[in-house]
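Trainee: The residues making up each chain are set out below.
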Amino acid sequence: QDKAVTGKVTSATTGEELPGVSVLVKGTNNGTVTNIEGNYSLASVPADGTLVFSFIGMKTEELVLGGRSVLDLSMEDDVTALEEVVVVGYSSQSKKTISSSVATLDTQEALKVPVSNASELLQGRVAGVTVVTASQPGDAPIVRIRGYGSTGNNDPLYVIDGVQLLSSSALSDLNVNDIKSVSVLKDAAAASIYGARASNGVIVVTTRKGTPTGKPVFTFDSYFGTQQPTNMPDMINSAQFGQLIYETELNDGIATPGHAHFSAGANPTVADYIIGDPNQPYDFDTNRLTKSSDGTDWFDEIFDPALIQNYYLSAAGGSEAGRYMMSLGYFNREGILSGTGLDRYTTRVNTDFNLSERVRVGQHFNLAYSEQKAMVGQFNDNNPISSAYRSSPILPAYDEGGNYAGAFSNTAELGNATNPVADMGRAATGEDKNRSIRFFGDAYLEIDILKNLTAKSSIGINYQSGKNNSFQWLNPEHSEPRSKNTLTETDYINKSWVWSNTLKYDLEIGDTHRLSALVGTEAIQGDSRQTQITQDDFMFETPDFFVLGAGTGDTNIDQGNTYIRGNSIFSVFGQLNYALAERYLASVTVRRDKSSRFNDGNNTGVFPAFSLGWIVSEESFLSGSSFISNLKLRGSYGEMGNQELPVANPNVTVSALNSQNSFYTFDGVGTDVGAAVSALGNADLTWETSSQIDFGVDFGFLNDDLTLTVDYFDIKTKDMILNPPLPATGSVATPPYLNVGEMQNKGLEFAIGYGNFSSSSDFTYDLAFNLSTYKNEITAINAAEGTSFLGASLRGNTVSRTAVGDPLASFYGREVIGIFQDAAEVSSAPDQGFATPDDGVGRFRYADVDGNNVIDGEDRKVIGNPHPDFTFGFNANIGYKNFDLSLFVTGSQGNEIYNFTKYFTDFPSFPNGGRSTRVLDAWSETNKGGSLPALSEAATASNGESSPNSYFVEDGSYVRLKNLQIGYTLPKNLISKIGLRHARVYVQGTNLITLTGYEGIDPEIGSIATGGSQNLNLGVDFGSFPVAKTYTMGLSIDF
Amino acid sequence: EVLQNAEGVDLLLTSAYGLLDGFITGDPWQGSSDGWWLDVTTDDAHKGSTDVDQPDLQRLQMYNWTADNPYLFTKWVAVYGGVDRANSVINLAESIEGQDFSAKIAEARFLRAHYHFELQRLWGQVSYISEADQLDPNIPNTGAIWDKIEEDYQFAIDNLPTTQPVPGRVTSWTAKAFLAKVHLEQHEYTEAIALFTDVINNGPYSLAAEFQDNFTWAGKNGSEAIMSIEFAVGGVANDANGNQGATLTHPGGGPYESCCGFYQPSQNLANAFQTDAGGLPLLDTYADNDIANDAGISENDPFTPHAGNLDPRIDYTIGRRGIDFNGYGMNPGQSWVRGYETGGPYLHKKGSYKKEEEDQSKGSGSWGQQSSGLNYNIMRYADLLLLAAEAEIEGGSLAIAEGYVNEVRNRAKNMTYVKELDVNGEFTANNAANYVIEPYPDGTFTAQGQAYARKAMRLERRLELGMEGHRYYDIRRYGEAPSIMNAWLVDEDRIFGNARFGSVSVSDKHNYLPIPIRAIDLSNGVLTQNDNWK
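So the protein sequences, as listed, match chains U and R. So in our numbering, the last spot in the first sequence is 1039, and the numbers never skip. So in our numbering, the last spot in the second sequence is 1573, and the numbers never skip.
A few of these clues could be false.
What the hints assert, rightly or not - Here are the simulated lysine-lysine pairs, BS3-like style, with alpha carbons at most 30 Å apart: (1) Lys484(U) <-> Lys1393(R); (2) Lys451(U) <-> Lys209(U); (3) Lys484(U) <-> Lys1394(R); (4) Lys718(U) <-> Lys594(U); (5) Lys972(U) <-> Lys8(U); (6) Lys1187(R) <-> Lys1452(R); (7) Lys1548(R) <-> Lys1494(R); (8) Lys1548(R) <-> Lys861(U); (9) Lys1573(R) <-> Lys1548(R); (10) Lys977(U) <-> Lys209(U); (11) Lys95(U) <-> Lys716(U); (12) Lys1573(R) <-> Lys861(U).
Hints were generated in silico from the structure; no laboratory data involved. Bear in mind the structure is a predicted one, so any value in this text is a computation, not a measurement.
Please model the entire structure based on the sequences and the hints provided.
Mentor: Dropping the structure here:
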């Protein structure tokens, strides 16, 4: 007969009560979950019934009731990491029997660092993943898996609960607190199931789900703190500036050196007032009286401490029949560059329902709204940071009336940089913002057709729409003031859907054969629409009027930024995993994709991969060894594609009506519409294919207290896509995308972990170190396309070049081999074009690369490599009773940076602009060891010293104490009295220490470009947003 | 293909005209087709602003020419971009069956010739890109391409109408005028004279009554305009149909409140406007004495403008202290000049818009720049008359040449002169300076001989066309760029009070610009550096 049963479930390891354990009468739907004290009660259980206890992370236990009415259980941890389940493409797999290269992120550790974009979590924590942080709040970091496989798109594919996203910017709309696990599919065997989108690797993110806890578990997580600017450049003050001008003019043969704002003679002093008549009162229109500054620190003016705060509340729970997880989040990070910042609101709802024993449905829904205040002119060397480098030290930020100060006239000898304080201040007042609303998520239906045969269908959607507005104010104080103000508004909608259907079959034959098979189909369709409108001439510069229609001038549609694009893929795929005797592993994957981006004949591809593994530690000669607890050898080979391009239809030539360069006026009054080819197509284009070999070994020693994973990879990319510049005798349209050549990335990855996991002690520690290398080389460029590709031009200087035998985007220019000390040295050196040997004294001396005794264009060579020798991360966690400490160090070694800011600060590129204190070490007869050429405007220009050369190239290596956190978990007996399950408080510092020889603001340099040319322009610093030193306090509670 | 029709041909043709201004990529001024930065390398003008402002142009001004100068690459790309657009028109028109597009193709071939002509004069050894080469334009630059240029112009002469419904489109007369100039450039005087004579005697052009009409908004496309780059402000974003290439050339201070103060007339050019008591230029001696200038004189100190005889065109060409500047009132001196010590005391007037026409011709852009809506005269009738005079002097009749020169001088004599300003800034009835100008007395050229006539004609070109972007080409066509420039460089140091230009040296290699190294790089060595610069 039936009877009531009660009991208490505790943890065998800790002895604590376990809430949320599912207790089910076997073979029925009758079940419950344990309450907060770990107690459960079931009303009517057959006396001979069996209770099944299950809980995530614990071994499931079945206990026969045997007539008892009280049944307590001490549950054991489902311990070893090797039995972890790893989420891979379209399924999950036991980590033990996986034979491909998949890394998982220790989310518990990674989530400690305050980040604004989830992909920053990967920095330094996963071997094989290189991350360059985007320091401006709201920007996406650059994430690369195993180097650069393409001259085009190198972004990995992100799969969030099954929704495929192609840009790390999407991850900024995911609340990091919602993340449960992150897997990185690195080799072909793991990634190729994503076929034509897989060659840059795949990052699979799953979000938290509810567990059957009965009562909801609430989690509140919050931190707040302050960010500080660090390591600002040293610029000269006004007195040094006056001396600099004096010496420059003296060297240039000007008989009476002088400057409008300095006294004449050898020791110039700055005048008290530089603008306006001091004998008259201040007047905004006629007498904007401005005092001179002793030396304005423009970096100090534009960088300020900034707030960071994060609030997160979630509720999770449910029963065996239905589970939920809901969250709300608010994140706010002001930028240390004043005026910048990000506000983000997120909410998520994940549910799962068991409709019957065999049918499950569920959904994930993520909604995010964000507002970014971005740096003005970010990808432009007129941005505020560049302007801070270029601004005159004698000019203050504000005039005597409290208005923005400026030169007013370009005849005033006060430089021609815009006042960066004004630029950012006006953007803030004008409420320039990038607003985005995005939802993504999916709904799925899963049916167990047979015991081992499961069908799943899911539909995912990613929708983003946004509105960006910026207002260009009049800047009357500027030396080159704008004559009209302009409002720019951009509206866009990006949406895509993915429909995936899979059938999964698991088969075990005896104890020796284990087989799992997966087949599937997938359809993906995406499109984007964008409109950008500008309007001129606003009579009132008050933000209330900053709407289209309020201006009196022209309203124009920017054709270049207005478009409709679409693309689609249809795919079938299959995967077979086989394990023999739990130790011999084999896996085969194949995917066939058909893409709308290419023409028939080039648009269908088959991407196969296979892997083999051998778990040596399961062999009889090792089994039971206490020293070697795990040893697995694996190898894989496979092919993957890359079809991502910044354009939808690279196969067709596009002609456009473009008002900026294809219109004309035949009568000199009106406007005549014209059309010109704006982009050339290539009907023969096909996707990039990369083939990858991977060898790996996983070790576990001492019951896996010590683990080591080593991987070697060799990736060859063929048909790499690029739109190299056309010959200069042809069209000025956007060049066609071509399959231009081949590239190779080889590298090693190490991950070592050590901790006292297997012993239970008040003192716990866990150390992890990883190191990644990749060596990138262009191995072939098709003869027709040339031998090299040039990067972007910065003020006429092309500093990056991609050529056969070199790494992608190598720095290219002249090699400075010294400074000429005397005329005799100039005479004996190769001819640099000096009129007389005396003219060459104190000037840069260049290497004669071609040995023809003349220095000319042929004497340029590779002068630097933006790729690191290796990147690394070290994480240490130490716990003692309720205290815990974690420390995380990451860094990059051997990469070089082209410090383009020296163009502003070390050479007289801009008249009366600010300069670095490095110029104090200019060469002179009395400072023959000087590191810079003699001060001269004329000679600097004529000797090409600010043209690309090795003086600008610096070692960009750094080691950074990324995070240091000290936490305290409040004692359970204390907090349970106020109804809390768990409470922890912590303080932490981020980016506390950076060791680097780099002289710019910060060694983490992204690209100076976005989109297609991003990868041809790596590691060039023209004023990049620096990382902040951040101090935060946080609190995390469950109740 | 939606463009596969007559409308498509028109749309592509419009964009082929659209590149006349030389702006497609890079900084607009680097590709500018109004010749202003070429003038900066001549005795007519200084770069202006400070030396390190646009250092690449400073290097051009100082004859420190290198193949990596971005001005050269931007210019190169823009002009070849024009060739490509002309080829697009031809290829499209030829692919449409059943319609006669020969007049449209003729316009396109005119433009293709025009762009190649510019390339040929600037670089000497250039590639000719035909419509058949459009998809693979990586063609070697083996030598001069005069024959191809002539073929294209001849096709245009044969197939263009004699009039067009809009002034910006070329006609068979335009093509004749340019083919004549192409022959003159090659010193083929007989062929040149025949064509010039045809245009002068039978063509639709005549001198405008007012010299100044060539430089105003109201006067654009008058009887004197043979071919202009048509500019307009408004209508499109950033006034992209305005003259973006000349945005640096407006005064850096003063009433324009603008960037950037480049392109300043030289003292030598100002001196050239001196006339003798008979109203004739001082052919041999104008450089001996400087007309009064305010170099080194503060605005607060008194200054008296030059009192001697002057050609009245000076004050429509050169902005100088004490004279009205384009209706903005009295030029006060230093505060209107951005780089006084580096560019001298004078301002550029012809291409700068006029006060009363601000509404129609003052354009703007995305930063502090101002694009003007004034047309640029690629060729105007006075220019043609003087080119014809040159051909006659070298290979025809000195008497006919004198007639052409005097036609130009008589217009200058009979035009309205710039007036004096009173203390209230109002114009008085008096002339602003002591203007004295007369034509050469009949028979002077024949009497004085060819050398005299040559000198007179060449000086007349400076006086009539100064600051209009022709001087760079003229002194090279004369074959005298090194001697003219080397003499001037020393001479011009006088107003700067230091050895600013004295050490600069110009030689025959400077007859052509070096081929941009980036163009050579992008061609994978198909292009080779021209012989002057190897």
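Trainee: Take the hints in turn and mark each one as holding or not.
Mentor: How the hints compare with the structure:
A hinted pair counts as satisfied when its Cα atoms are at most 30 Å apart, and lysine 484(U) with lysine 1393(R) qualifies at roughly 19 Å. Simply put, lysine 451(U) and lysine 209(U) have alpha-carbon atoms about 24 Å apart, close enough for the 30 Å limit, and the pair holds. Proximity of lysine 484(U) to lysine 1394(R) is assessed by CA-CA distance (about 18 Å); at most 30 Å being required, the pair is judged to hold. Our distance criterion of 30 Å between C-alpha atoms is met by lysine 718(U) and lysine 594(U), whose separation comes to about 19 Å.
For the hint linking lysine 972(U) to lysine 8(U), the alpha-carbon distance of about 18 Å falls within 30 Å, and the restraint holds. Taking the CA atoms of lysine 1187(R) and lysine 1452(R), the gap is near 41 Å; set against the 30 Å cutoff, the hint is violated. Between the alpha carbons of lysine 1548(R) and lysine 1494(R) the distance comes to roughly 24 Å, so the proposed pair stays at or under 30 Å and holds. As the CA atoms of lysine 1548(R) and lysine 861(U) are separated by approximately 27 Å, the hinted pair is consistent with the 30 Å bound.
As the CA atoms of lysine 1573(R) and lysine 1548(R) are separated by approximately 10 Å, the hinted pair is consistent with the 30 Å bound. Proposed proximity of lysine 977(U) and lysine 209(U) is supported: the alpha carbons are some 28 Å apart, at most 30 Å. At roughly 27 Å between alpha-carbon atoms, lysine 95(U) and lysine 716(U) fall within 30 Å of each other, so this suggested pair holds. For the suggested pair lysine 1573(R) and lysine 861(U), the alpha carbons sit about 20 Å apart, so the restraint of at most 30 Å is met.
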